[in-house]
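A.B. asks: Top to bottom, those sequences are chains D and R. Residue numbers for the first sequence follow the working numbering, beginning at 12 and rising by one. Residue numbers for the second sequence follow the working numbering, beginning at 15 and rising by one.
For the record, the hints were derived by calculation from the structure and aren't laboratory data. By construction, the Cβ of each residue, glycine as well, lies at the ideal position given by its N, Cα and C atoms. Errors might be hidden in some of the hints.
To be verified - DSBU-like mimics (lysine-lysine), calculated; alpha carbons at most 30 Å apart, straight line:
1) D:44 / D:107
2) D:131 / D:180
3) D:249 / D:44
4) D:131 / R:120
5) D:107 / D:180
6) D:107 / R:271
To be verified - Taking beta-carbon pairs under 10 Å as the criterion, some of the chain R residues facing chain D (in silico):
7) 53
8) 56
9) 57
10) 198
11) 210
12) 211
13) 215
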Amino acid sequence: MKSTSRISVSGLSVRYGAHEAVRDVSLAIPDGKISALVGPSGCGKSTFLHALNRLTDLVPGCVVEGSIRLDDDLEITAPTTDVLALRRHIGMVFQKPNPFPQSIRRNFEIPLREHGVDRKEIPAIIERCLRDVGLWDEVSDRLDRSALQLSGGQQQRLCIARALALDPKVILFDEPCSALDPLASGVVEDHIAALRGRVTVVIVTHNLAQARRIADELAVFWVRDGAGTIVETGPASKTFESPTDPDAARYLSGERG
Amino acid sequence: MCRSPRTDRVVQVVLGGLALLAGGLVLLIFVFLFLGAWPALEPGRLPNLFTDETWRPGSQRDPQFGLLPMLAASVLVTALATAIAAPMGIAGAVFHRFYLPDRWEKANHRLLELLAGVPSVVFGFWGLTVLVPAINHLHPPGQSLLAAGIVLGLMILPTIAITSQAALRAVPENQLLAAAGLGLGRARTILSIALPAAKSGIGAGILLAIARAIGETMAVVMVCGNIAEYPSSVFDPVRPVTSTIALEMGYATASHKALLYTAGLVLMLVTAALVGWLSFRKPNPVESAT
């Protein structure tokens, strides 16, 4: 009876005060696959993503209802859940690259030390993760220089490497390429695609072509009755070919959105 | 603008004039101090300022013009005040930024602004009637380096706290989001992310506070004891440069007066050096992170 879902969401609603951003969303996120969340702006994709590792906690007045389970045994929404440990298992990469304005090495050391990783193991982890995002050869001789000296695309790859360093089960990507030029965007996209099979990836993107290229699973968000919800979900190829929801069909074919 | 070039010209001249006046005032003060100090700066007189053991300018038998014990007192009082105010101000700012709800932070901000507005003579009065007797109880005489340091520390506390709060508030939200996304706890986020990012602003606040502290007169003169000798402990009375000028300018004549001008000039130069350091500091220390 072992489920292959890494994360199972059921009946999830998220409210900011009186505004309901997400209503009654259920979604199974399969292990080791790339799940893409698409849809027009303001339809709750990012809010949904932030709920998955409780970053919604940071927003005053935000109320989350429903169930999100990690590996069928950890109830993420429970108030007793150790949020800091949870975020080690479910990492996040944001829209705008946000390396800490310190050395490249410190960008790894701060989170690794905080999670109790032995100081002696850190150099090997840094090298492995920077190789994973193709940054090692570019920066191996300047690990002690400021991360802010890197280009935007390099900074975003550093952020991915930093998330990988904690050995997470899941990495959430919130429009990771939208602040980058097309060339850098392509490089970052290739490295996200390369995570398939090793880490479960959930990616919010406005770029339908990108979703088509890398997604295994697709979920289309839409605003219904004033709140965001999922109107179409399934394997990416099938969903792109023959969506059943009329709004999703028009959106995916590029007619609207 | 094109329709009324005359009005524009008038506005430009008036604004320019006022701006020049404001900037020129500092230069005028320097010139004024320099002219007043000139008789004391003549060759042959200057060494006395740094070699004489004590300050006894009015004595007929054996006049002494040693400025160093008073400069030392100024530096020591300021250092003590900073040592008291900086940890309090920074810790308070961190607490209000990261632990208290927003509305309390606002209330605290108002209180700090109020504290910054308390007249220095009131601080001195409090020091004289409350603090000095308490210190006297601990170790006579009470009027001391310690009393001056504490009073001055409380006076510069709001400057440090307010600038530290502003610096912490200016830490970009996406840095804090990155820290949260990596599962960093609040303490780690403060120590490793927020404080390093705010370091430059906090440092500027401390320098401003030091520049103010070294020139503060009224509160200090009331509690410091006013004896122009090197202190051997924090309980000894001291006499900073500012106190000397305030106490003696009223009756000083001739060379004595010139010496007081010199003391003022030295003080002004120290403050100018601090402000200069403030403006020529590297704006972003993280670039050189090691």
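A.B. asks: Next step is simple, just say for each hint if it's right about the structure.
C.D. replies: For each hint, the structure was consulted:
{"no.": "1", "hint": "D:44 / D:107", "in the structure": "holds, 24 Å"}
{"no.": "2", "hint": "D:131 / D:180", "in the structure": "holds, 23 Å"}
{"no.": "3", "hint": "D:249 / D:44", "in the structure": "holds, 15 Å"}
{"no.": "4", "hint": "D:131 / R:120", "in the structure": "violated, 45 Å"}
{"no.": "5", "hint": "D:107 / D:180", "in the structure": "holds, 22 Å"}
{"no.": "6", "hint": "D:107 / R:271", "in the structure": "violated, 63 Å"}
{"no.": "7", "hint": "53", "in the structure": "violated, 53 Å"}
{"no.": "8", "hint": "56", "in the structure": "violated, 52 Å"}
{"no.": "9", "hint": "57", "in the structure": "violated, 51 Å"}
{"no.": "10", "hint": "198", "in the structure": "holds, 5 Å"}
{"no.": "11", "hint": "210", "in the structure": "holds, 6 Å"}
{"no.": "12", "hint": "211", "in the structure": "holds, 6 Å"}
{"no.": "13", "hint": "215", "in the structure": "violated, 13 Å"}
Hints 4, 6, 7, 8, 9 and 13 from the earlier list are contradicted by this structure; the remaining hints agree with it.
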